[in-house]
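Line order of the protein sequences matches chains A and B.
Position 36 (the first sequence) corresponds to 36 in my numbering; numbering is contiguous.
Position 45 (the second sequence) corresponds to 45 in my numbering; numbering is contiguous.
No wet-lab data here; the hints were simulated from the structure.
A few of these clues could be false.
Claimed, not checked - Per the computed footprint, the stretches of chain B lying under chain A, defined by three or more beta-carbons under 8 angstroms from a beta-carbon of chain A, are:
#1 59–68
#2 193–203
#3 217–225
What the hints assert, rightly or not - Okay, derived cross-link-like pairs now, DSS-like style, lysine-lysine, Cα gap no bigger than 25 angstroms in a straight line:
#4 B:K31 to A:K92
#5 B:K65 to B:K31
#6 A:K92 to B:K186
Since this is a predicted model, take the numbers as computed values, not measurements.
Quick reminder that beta carbons are idealized off the backbone N, C-alpha and C, glycines included.
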Amino acid sequence: MTPVIGVLALQGDFAEHTAMLRGLGVESREVRMPRDLEGLDGLVIPGGESTTIGKLLETYALLEPVRDLGASGFPIWGTCAGLILLATDVGKPQPLLGLMEMTVERNAFGRQIDSFETDLDIDGLPDGAFHAVFIRAPIVGSVGDAVEVLARLNDGRIVAVRQGNLLGTAFHPELTADARLHRLFVDMAQAA
Amino acid sequence: MEKNTLTVKRGLAQMLKGGVIMDVVTAEQAKIAEDAGAAAVMALERVPADIRAHGGVARMADPEKIIEIQAAVTIPVMAKCRIGHFVEAELLQALGVDYVDESEVLTPADEAHHVDKHGFDVPFVCGCRNIGEALRRIGEGAAMIRTKGEAGTGDVVEAVRHMRAVMGDLRRLSTMREDELATFAKDVQAPLDLVASVAREGRLPVVNFAAGGVATPADAALMMRLGADGVFVGSGIFKSSDPAIRAKAVVEATTHYQDAGIIATASRGLGEPMTGIARDTLAPEELLATRGW
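For reference, chain B alone in the conformation it holds in the complex (with noise of 0.2 angstroms):
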């Protein structure tokens, strides 16, 4: 018997495709998104629409409210450490999380290496804004990606843009000749090895989730239009006006996401989204985006 290998690490991401995971931070949050049918949730201290808020460094969830979480749902539960805190995923693993994300939505504890997850039992979910950042990240052994978005907006564009970039990377790099390749990766900053095994297969080895401004169920059908296995949605859903409706449409727009009737039925009496900040309007420095390297 062999545990926490790479097909059992990326084996849970692919479990969850087709489904949506949502932030929550409390049990009663858990519960709700449960039974509106997600197939995972994300335990965080703040939504990243308060983080925005209220400033201040954000870190890692109480281990107190993880537990309570893990104990109110059976779906998996992941949990979200800072970039390069490699100590708080040691902690999230020994709570017993089933995926960490190493995310740019807390305030990054280091500003030059990332976690190397290659070292741990538990696998690890990380953002990307491009197939460069994407292989970079798996080669440190993330099993799962996202493409980042810019949390907390409720502004789709964003994510929009990172899943067109991701994507059209993908197609391009199934065209390239083997130099074309070496001068790709160079220019990407990926390993040249990841590279040309994506190029032969024509996708990622991993699962890519879209994140970071989904607020609607179109806008979670957008993203698996454009090539998501599945959608996170964080402030989207618990900063709306009915979490629960909100979250079970999102769900049905996830799986339906080919079907406008269905989506359009869905998308009926949500309620009030999330107020949203247009991306634009945000200075560089408020960006979480560009957290990560």
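Next comes chain A alone, as it looks inside the complex (with noise of 0.2 angstroms):
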């Protein structure tokens, strides 16, 4: 059975995601509501405004079951708004999720001149480097022990993370035809 992952649709870039993992064949669905969480086998928080996200997932009552479902080893990727959405501490009070062990910095690198592509060695991922997009994104700062650092930048700043069934990265693999890392997610998901 190929497994069925949601894609968080309540702001940002979700059809990049859903058409990603469309490509790899597997069943995508949009999650807007508490009830579109039963039956998948995984979920994806895009990229977006992680204020936006977080105020919507508050008013519609799908914080608390996702925090749920990643506390219970339910396999969930955090992409740029996402990974703060996945973060304990990013300095500031708005909606967190609050499952991986590790403080975030938002808009890390400044505003959006400041933005960048980049090529990433990602530990664990076969075929050569990543091409990653960075967008006004947030970078990991300290991490807790069951926290894996998966890539940094030549600078050693941390962009990648693993920590049991959660996967966040700073960047935007659904902006580039590079499908790898969504493959991975899909076989994290596939083996939970």
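Put the two chains together into one complex; each comes in its own frame, and the hints tell you how they fit.
Next up, the structure:
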């Protein structure tokens, strides 16, 4: 059985994620309400504005069920805004899932004119460097013992992490044609 | 490391999809917008309804105001420059705004030329009434498009007209033969290579928001249903009786645009919407949408 992957569709580039997943032959569903979580094998939290997505998670009572799923080993992958929502601490008050033992700094590179693309070596990802797109991107600060660092920029700053079945990337694989990280997450969901 | 690529410029607009971008004139309004769940704010000197009411030349916002707004929120801050006013655009870039809107809502500075947007590091969003205008702006380097609507009216009819025109043309393009594409490109005065690639992909290469006349949660959902990637709300929020509550309701309606039950709940008890002006009562010289070409 191929897994069914949900994509949180409250705001952001969720359509890019569902298109990538469908390209891999995986069934993908948009999640807007708690009932949409039923029958999923994994959840992607897309790029977007983390404050907007966080508020809508709260308003529509999704924050608790998603947090409970994540805490029980259900695979969740956050890209950019999704990574922010997975963190325990972002240095200012905003609704968070708080599932991964890490601090995250929002807009860590500055404003939009400081957004960039670069090649990254990602631990455990075969076939060479991954072309990563960073847009008003966050950075992972300190991480707890449970968090495995998968990728760093040349200056050492952390941009990809994994904690059990939770995956976080500060960049946007869904904006490229490279589906290797989507494949990795689908494999995680299949194995879970 | 590469900066300011098309992918990065268009990418920020992709992150705003499914969201609401709200016009604000002060840091206090920006905070209200962010707290309500706005995906970005648009800094300007006066909201379009006030530009209409007070007349005069509408220009880029005071840099001091833009800096205050940037300091007040963590979401992206956009700002408007006048059509063709590339120095205002350079100023906005120097101020570090996240997107420049080369906007018909301000008084045009050039009657023949839009800004050459390829030459900038900061991405641009531009208005359009139809696919030809959208593709001309994209050809000039716009990384995001919005349909113009008729700003400052609270009348959604023009926004609907422009979104239907763009989406209808996209559907027609995808059925055309090569020779028909060439004629279409000539008729709508758009670059042929762009027309051909849009026909192949069945969609614009950039994100397309709706704008100009959205005043209620239902208006926002209507634009989403017609194919908008997201919604700009100008006077509709801060010219209403309770901006914070209305802003939150518009955000919810934009996310749940396919769920009438949720929109109905979100639309309850919002107080008075902005006082509208029916678009058809405006004289031709009062129309903003006809600025630009």
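Given the hinted pair K65 (chain B) and K31 (chain B), is their Cα-Cα distance within 25 angstroms? Given pair K65 (chain B), K31 (chain B) holds - Cα atoms ~13 angstroms apart, limit 25 angstroms.
Taking 8 angstroms as the Cβ threshold, is the statement that the stretch 217–225 of chain B is covered by chain A upheld or broken by the three-residue rule? violated (count 0)
Closer than 8 angstroms Cβ to Cβ for three or more residues is the test here. Does the stretch 193–203 of chain B pass it with chain A? Result for this restraint: violated, n = 0.
Cut-off 8 angstroms, C-beta pairs, minimum 3 residues; does the coverage of the stretch 59–68 of chain B by chain A stand? violated (count 0)
Holds or violated: are the alpha carbons of K31 (chain B) and K92 (chain A) at most 25 angstroms from each other? Distance ~14 angstroms between K31 (chain B) and K92 (chain A) Cα, so the pair holds.
K92 (chain A) paired with K186 (chain B) [C-alpha distance capped at 25 angstroms]: Violated, at about 53 angstroms.
Checked against the numbered hints given earlier, this structure breaks hints 1, 2, 3 and 6; the rest are met.
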